[in-house]
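Q: Residue numbers (UniProt numbering), protein chains in the order written: chain A, 1 to 316; chain B, 1 to 388; chain C, 1 to 268.
In short, the hints are calculated from the structure, not lab data.
There's no promise every hint is true.
[Claimed, not checked] The calculated EDC-like cross-link candidates involving lysine to aspartate or glutamate, where the alpha carbons are at most 20 Å apart (straight line), are:
1) B/K137 <-> C/D64
2) B/K158 <-> B/E123
3) B/K158 <-> B/E103
4) C/K41 <-> A/D168
5) B/K293 <-> B/E307
6) B/K293 <-> B/D348
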Amino acid sequence: MSAATAQAAGPPPTAPGPGTAQAAPRRTAGRRRLTPYLLLLAGVAWLLVFFVAPMVYQASTSVQTGSLDKGFKVTWHVATYWDALREYWPHFLRSLLYSGIATAACLAIGYPLAYMIAFRAGRWRNVVLVLVIAPFFTSFLIRTLAWETILADQGPVVRFLNRVHVLDVTAWLHVTQGDRVLATPLAVVCGLTYNFLPFMILPLYTSLERIDGKLHEAAGDLYATPFTTFRKVTFPLSLPGVVAGTLLTFIPASGDYINAELLGSTNQKMIGNVIQSQFLRVLDYPTAAALSFILMAAILAIVTVYIRRAGTEELV
Amino acid sequence: MTTAPTAEPGDAVRLTGLSRTYGSFTAVHPLDLAVPAGSFFALLGASGCGKTTTLRMIAGLEEPTTGTVALGGRDVTALPPYKRPVNTVFQNYALFPHLDIHENVAFGLRRRGIKSVAKQVAEMLELVQLGGLARRKPHQLSGGQQQRVAVARALINKPEVLLLDEPLGALDLKLRRQMQLELKRIQTEVGITFIHVTHDQEEAMTMADTVAVMNAGRVEQLGAPADLYENPGSTFVANFLGTSNLIEAEVTGTSGGDIQLVAAGQRLTLPAARCAAEVAAGGRVLAGIRPEKVALTHRDDEDSVAEGRNRVPGRIVDSSYIGVSTQYVIDSPVCPELEVFVPNVERDGRLVPGAPVVLHWNPAHTFGLDAAQDIDAGIDADAEEAAA
Amino acid sequence: MQTRPMRWLCRNIVVIAGVLALGYLILPNLVVLAFSFNKPKGRFNYTWNHFSTDAWQHPCGVADMCGSLTLSLRLAVYATLGATVLGTMTAFALARYRFRGRAATNLLIFLPMAMPEVVMGASLGTLFLNMRIRFGFWTILIAHIMFCMSFVVVAVKARIMSMDPRLEQAAQDLYATPAQTFLRITLPLAAPGIAAGALLSFALSFDDYIITSFNAGSTVTFPMFVWGSAQRGTPVQVNVIGTAMFAVAVLLVVAGQLVGGRRRGARS
Chain A
1 MSAATAQAAG PPPTAPGPGT AQAAPRRTAG RRRLTPYLLL LAGVAWLLVF FVAPMVYQAS
61 TSVQTGSLDK GFKVTWHVAT YWDALREYWP HFLRSLLYSG IATAACLAIG YPLAYMIAFR
121 AGRWRNVVLV LVIAPFFTSF LIRTLAWETI LADQGPVVRF LNRVHVLDVT AWLHVTQGDR
181 VLATPLAVVC GLTYNFLPFM ILPLYTSLER IDGKLHEAAG DLYATPFTTF RKVTFPLSLP
241 GVVAGTLLTF IPASGDYINA ELLGSTNQKM IGNVIQSQFL RVLDYPTAAA LSFILMAAIL
301 AIVTVYIRRA GTEELV
Chain B
1 MTTAPTAEPG DAVRLTGLSR TYGSFTAVHP LDLAVPAGSF FALLGASGCG KTTTLRMIAG
61 LEEPTTGTVA LGGRDVTALP PYKRPVNTVF QNYALFPHLD IHENVAFGLR RRGIKSVAKQ
121 VAEMLELVQL GGLARRKPHQ LSGGQQQRVA VARALINKPE VLLLDEPLGA LDLKLRRQMQ
181 LELKRIQTEV GITFIHVTHD QEEAMTMADT VAVMNAGRVE QLGAPADLYE NPGSTFVANF
241 LGTSNLIEAE VTGTSGGDIQ LVAAGQRLTL PAARCAAEVA AGGRVLAGIR PEKVALTHRD
301 DEDSVAEGRN RVPGRIVDSS YIGVSTQYVI DSPVCPELEV FVPNVERDGR LVPGAPVVLH
361 WNPAHTFGLD AAQDIDAGID ADAEEAAA
Chain C
1 MQTRPMRWLC RNIVVIAGVL ALGYLILPNL VVLAFSFNKP KGRFNYTWNH FSTDAWQHPC
61 GVADMCGSLT LSLRLAVYAT LGATVLGTMT AFALARYRFR GRAATNLLIF LPMAMPEVVM
121 GASLGTLFLN MRIRFGFWTI LIAHIMFCMS FVVVAVKARI MSMDPRLEQA AQDLYATPAQ
181 TFLRITLPLA APGIAAGALL SFALSFDDYI ITSFNAGSTV TFPMFVWGSA QRGTPVQVNV
241 IGTAMFAVAV LLVVAGQLVG GRRRGARS
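Next up, chain A with everything else stripped away, as it sits in the complex (with noise of 0.2 Å):
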């Protein structure tokens, strides 16, 4: 639309002539500014009710005191935060630091694979989106539970990378321990990495799929080497995909507890763990406040500053 030239015409608007009339008023303008409200009112409620509000009473919780038979009261005990941190930072820790190196594993092994499917996969393409998405439909639980049987200690996977002196290297690294790899760190971080695997690939997968395939040749037209071309034009044209995936990989990861629960040792507990255990036996529930609200702020925190740093906020 070319306003200047509109605006560029010279005279003013001449006074409408005797035959106008004034536009009949809008049939249903009330009704219409009143139907996106009516369509919200009940899902807007329902996340009110039962998100929103257990929010805010989980913040008053975490400042109450008491116990269970006596009832909690609200005693503004704000010390539940600093107990919390000072008694379970090791599992913040570990609970960022196991969802992080997850996170980066899942973005160096989806990304080959959203590529391959987006650019290689020719007429197979549809059958490996089905296989990346249909996991995602069976239950993770026995999923997890199979790398269980994947990683047991007689195992030929296990006896494999004992043969060939790789778990001596990661026993070096602390990250196995003697030649077992179930409840060791590298379980739980490998079975973090395959939950949520498709979390990543499918957004990557998205936003490559968008490329145009000639913005390659361009490339190659203009001097640039496949590996520059990669560098320079795909990768930073699928940005916006790494950014969404590293978020719905890193979030869910860092509050997970089941695989730390199934393929860990009481040594690789993370603040999921203790968040459940305190809510669920220990029945602490101001502890599991307190532990759930800095988990959040943390996860704000961090996301907070990575989107600011990859500079794409069109996330929603």
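Given chain A, put chains B and C in place with the hints provided.
A: For chains B and C alone, coordinates are given in the frame of chain A:
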């Protein structure tokens, strides 16, 4: 500049004081327009000139800020689109992708509760030469075929007025030519009033009986294509419709039915009847001449030019051979870039860049415009459209 | 000097890495499939003993397992219905209207997806606990609809935003009332998005363990059954169910792809 709405009963569409503003931007200034029933009417202009907004207000898809829309003498301003007896052929067609061709064409009939549509749909598909494709989905059709479906889908409802919004914009040049004739044939056959919005001046002139040239939310000029081309009323129309050479000249006097002008020492004659501006001796005026009406003679043969013709000296700057004619750009004291189209009948080998020439034409072909306007108005309008 | 195999390797390194990654993704499913035919020596189905189709012949041979399975399926159906209806309405409001509070609503939809499940589960659990609401089917259902809804909104919203608004205008131009336009044009065109959101809801609800564990009380869903059995020794039947789910999922996705493919083609 617009036609006053006369209360003729034969008007299919009458717009009265119709306008549309978006915030502080006026897309359409209050507009009065009457479209006679059975005519093929074109709204021509560059993108953003308000032509599509006008069309959408007639269809009811856009709410006018002021004014009324009357169809066949009935005020329909307050009616929603689905209650107006008009149908639209949308830009990019807007065919329903989940319905086949038959169901697309039958859509309007079914919405009005007509049960047995098979015969009508078949006839309509015959009319647009798409019999046998009824069960295809829109995406299985070529661009030209989709365009025909869009026309059939609208026409089957026998609307009082058919609105076409850049219907040929997505087609390539050859197909566009073919569809122009096709649409013209259909219009003659069904006798429905067509209002056609386009930015392509050639398309408007080929198809329409009456063309309204729109610029910046106003109708600049309205008339039959030949009339607009021969007697443009403003520099915008002169430049937007084809090409014009506009020479700024001073009025020296009038004699008989002619106005005498002088530009850079050259005396020119302009028929007073073809001057759109008020003139007085000493005033300025723009003398216009279409490039194909100018003849080119080498300076050596200047004596062979007949007396009484307007003549201007110059030098060839550039020439391009385009088959039917050769187009010259000429640097002249009266204007640095005069264009001349010379039919390739008997080519003078001396007419090459650098050659001194005399341009001359029959004074009766000169038209006059108000010199107060922007002399370049409308020149880039088409280029803008292409870039958009 | 590059030899021919080296060049081949360089050219196909991405494909090789991709196939390896795919293997990593599929391996557990293959293990689940293989061990569904195992006859374990002890209680734990971790090492291969010998081939048997016992578990496939008696899939419900384990106490409580099939009960929890039907409960999970029932939950997933209801949660999908609820989340799809609420999510679709919300998506329409967000995609089609400009209104006050739109940005806040977008944020409200985004937050549940950006929240660790353990936080959401614990919060909702605390609320129910303090409201003295009895944990059970309904509390789980409420939680599931809550966290599935956002995913439906995102899927449907994306679909609606990519739709050509001229199609609806064309329908109105062709005498369709707003209600008819919605039923005949808008809804069919938005259907793939709604279906994708529903499918995702079903999968998320059926598979959820973390949020459910905070809101289930003594009710046992299938994931909770698997979790419990992992401590005591997982019955082979769990592998049977896992494999069957995988097969159904593949069939569903393939069917979805076929339908989606036709639809996608239809969207010129």
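Q: Are the hints correct? Go through all of them and say.
A: Going down the list of hints, with the structure as the test:
{"no.": "1", "hint": "B/K137 <-> C/D64", "in the structure": "51 Å, violated"}
{"no.": "2", "hint": "B/K158 <-> B/E123", "in the structure": "13 Å, holds"}
{"no.": "3", "hint": "B/K158 <-> B/E103", "in the structure": "17 Å, holds"}
{"no.": "4", "hint": "C/K41 <-> A/D168", "in the structure": "31 Å, violated"}
{"no.": "5", "hint": "B/K293 <-> B/E307", "in the structure": "17 Å, holds"}
{"no.": "6", "hint": "B/K293 <-> B/D348", "in the structure": "17 Å, holds"}
The structure is inconsistent with the numbered hints 1 and 4, although it conforms to all the rest.
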